[in-house]
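Listed below are the residues making up each chain.
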Amino acid sequence: MYDLQCENLTKRFGAFTAVDGVSLEIPGGSFFSILGPSGCGKTTLMRMIAGFEDPSSGDIKIKGRSVLGSPPNKRNVKMVFQHLALFPMMNVGENIAYGLRCRGASKADITRKVGAVLERIGLPDVAQKQIHQLSGGQKQRIAIARCMVLEPDVLLLDEPLGALDLKLRERMKIELKLLQHQFDTTFLYITHDQSEALVMSDHVAVMNAGKFEQIGTPQELYHNPRTAFVAGFVGDSNRWHGKVNRISNGEAEIVTSGGDTIVANCGASALSPGDSAEIFVRPDCIAFGGVRRETQNTLTGTVDSLLFNGANSRALVRIDSRELIEVAINGVDRSSPIKPGDPAHLNWAFADTQCFPAKER
Amino acid sequence: MLQKDAQRLSLLLLLTPFLLWILLLVVLPQLGIVGISLREKVGPRQFTFGLANYLAFVQEPIYWNTLLRTAVMSILVTFLALLVGFPVAYYIAKIAPYRSQTALFLLCLVPLWVSDLVRAFGWIVLLRETGLISGALQAIGIIKGPIELLYNDATVVVGLVYTVVLFMIVPLVSTLNGMDNSLLEAGHNLGGSRITVFRRIVVPYAMPGIVAGCIIVFMMTAGSYLTPILLGGKNSMWFTEQIYDQFITRYNWESGATFGVLLLAFTSFVVWLGLRLTGQKLATTVAKD
Amino acid sequence: MNVAALQSRAFRLIYKGYLVAFFAYLAAPLLAAGVFAFNDSQFPALPWNGFTLDWFFSDTEPKIGMFHDRRLMRGLQTSLYVGIIVSAMAVAVGTCNAFLFERRDFPFKSALFVLLVIPLVIPGVIIGISVLVFASMIANGVEQALGQDWSILRPGLTLVILGQFSFLTTITSLVIAARLRKFDISLEEAALNLGASRPRVLATVTLPFLAPALTAAFLVAFLVSFENFNTTLMLVGSDAPLTITMYDRMVKVGSTPVLNAVSLFLMVGSGILALLSVVLQRDKAPPGSAT
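Residue numbers (this note's numbering), protein chains in the order written: chain D, 1 to 361; chain V, 1 to 289; chain R, 1 to 291.
Treat the hints with care, as some may be off.
As a list, the in silico DSSO-like pairs of lysine-lysine whose alpha-carbon atoms are at most 30 angstroms apart [what the hints assert, rightly or not]:
| no. | chain 1 | residue 1 | chain 2 | residue 2 |
| --- | --- | --- | --- | --- |
| 1 | R | K182 | V | K281 |
| 2 | D | K74 | R | K182 |
| 3 | D | K211 | V | K4 |
| 4 | R | K109 | V | K94 |
Since the hints were made in silico from the structure, they are not lab data.
Please put together the full structure from these sequences, using the hints given.
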């Protein structure tokens, strides 16, 4: 049983197609993210699910029942807005009670439920406070509580962390994940920030230009991107352009524009000799060292500079064909021998090298 | 679909009061006076259409002299209000420290809300023969007998500038407030003299405010009634007085309506000219505050 | 250093002097009108005969105070009556207009917006005569067609109210629209999403947000109506509002200190209302941030 299904959903504004034949199925109790750059149609998709836009074609089902005919205030999908949209003219308690009042719940019921949900989000004493007295993180939790008190089938979250500063955002990621476990409700989370999507989600759909590029677990997206867009958008990558020389056993030999030969895992991508291709390699797949094995790509060059960032430190290596490559290094290890100017031997597995047909340019 | 119908219905519900108001109380009445101005009385309760009223206006020098006088004095008052108001607005917006800025602005706003009648009355108390200034001058010994300071053009202009100058200052302050001081710094930094910076940077920046202020002030002055009548007396020769006279005293609505149309056409023309020359738009300049 | 400031000392002194002179110019007639309300004399002029409150409260001839002057009090009542009705109407229609122009799209929207603004730039006298003429045209038409006399369309309070309403609605529309523009539409969507019906959203979210602007618009409309002279003059019948009564007195009887008393009363009243509306229109800083 799926909590939310979209079938071939399309939305057109005049000649512009914002959402183009999107289908998705979200199993109950999971954390599902839609990841895409701004303008890719993810907000329109969410607004259709919430009922603020009517789809041009396709169907939306909640708990198996189509909701196309029902107005937004009759759907049991609740939404946390980008800027939270907490009502400034009401205090915290009234904000949370708003939906219950609309349902005509009794006073005693309302008091009990508001108390219970505040308890669950760990803010038991704020009911009488005004919205502007809360911190950013507290507002976030109140906005979620305001929806969760209504026990929705699906909770929609429209980039709710966007307005927070970096530190708080990191903390709220973890907190959101925990809250989702606690409420055991399906969360549909929209974001343009790949780290938010990867950290919190059970499944992620990567969206671009109104279409889903790939749906999968964060690990699948990271390690086995199925399109060039996904490979480029999820996680960091080194990227080359080249021409396919030879293909055998799902491996393509590609000559880059700099003249290096790289063997890539071309998997399902439809490449044939002579095609131009894009190659992606994650910095954390590349290692220093001269080892040469049959299944490894190797390049040589000089360390240009070090980008220190704790455990995420990188070295910039200028390879012999004058291109710069990012390589992950252990920045915490103080005995690290790598210094700018050092000669560098780089190697990484064929299997960690993704390649896709290059877009017409 | 049901929702579409509800949308259309609510649009209709919102449009109805607007259209009723704008048609019944603004558009049709204005057309009404145009209609009446084109009516000639040929006998008791008998009318034909024609331009006789306008002809009468052109043929009677007193009428068009009054309109011309009103226009010239209104332009003079507008210019003086800009001259008097700009330094004050500049001070409030750019020089005054933040705290006194708000206080000064409020100080300007409060008289704005006091009725014209009260303000004109204040001037009468000050300026008439037995008034404060005449009395004070006698007490010091500058003049021997009481002097009448009312009922001359200079007084009318001073009084009119007084009535409208605040409507000049308010839009000026809000435009100048938006100007970044770094613009001035850049101007000076690039070697501009104070006058160049003022002429090339401050004035162009303040232009929307200047235009908005001038339009409001000009329309208010040309349409004012109390100040010219009370301070200028019976011989003030103000055009609105003519309209009142024709309408209420002589009960000659045709001619009164003609004057009304002429005043409106004339002031609109001046405003249009002003907008045209400065490249501004009516809706954006007037509706801003 | 503030570069906007002027550098030469002499110039600065002159500038300061000019400002002082300007504010003196602003204050002088208001002070003159106000102070002589307290002079114990038959005329609002020097010499100063000592302080008195007679011009407000005395009920004996020859110094009848404004609060015992029957005609002035009638005028005050009429002004209040007209002001309250016309402001309520202008706020109601202004609210509709604000929603219409801020929220909806319809054909000829920008042209109609110009129409909405235009009453602000039509001289009051002309608004007065146009409403008078149009109402009389209808009344005459009705009389000829039906033989009935609709006296409601003849000069009188109804026409005064309609005439003032015709331009006050522009003011209230602009004030309310300015506030509505600042409204975050996602608040309404959030309320809908939480299950509220459209009317409920309006009552619990949108209107409470607009409340300060509605009050401010009402106050401004009331003030302008109360002080209006030009439009009212053309439309007034036997019941005259305060400004008309005061003008009549000024022209027919000449100035007496009771008019100073009325002036002071008007100044204080409008000052308070104006301040109130300014305070209401200012965006409230969160109370927590002040201390």
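Against the structure, the hints come out as follows:
{"no.": "1", "hint": "R:K182 to V:K281", "verdict": "23 angstroms, holds"}
{"no.": "2", "hint": "D:K74 to R:K182", "verdict": "28 angstroms, holds"}
{"no.": "3", "hint": "D:K211 to V:K4", "verdict": "28 angstroms, holds"}
{"no.": "4", "hint": "R:K109 to V:K94", "verdict": "37 angstroms, violated"}
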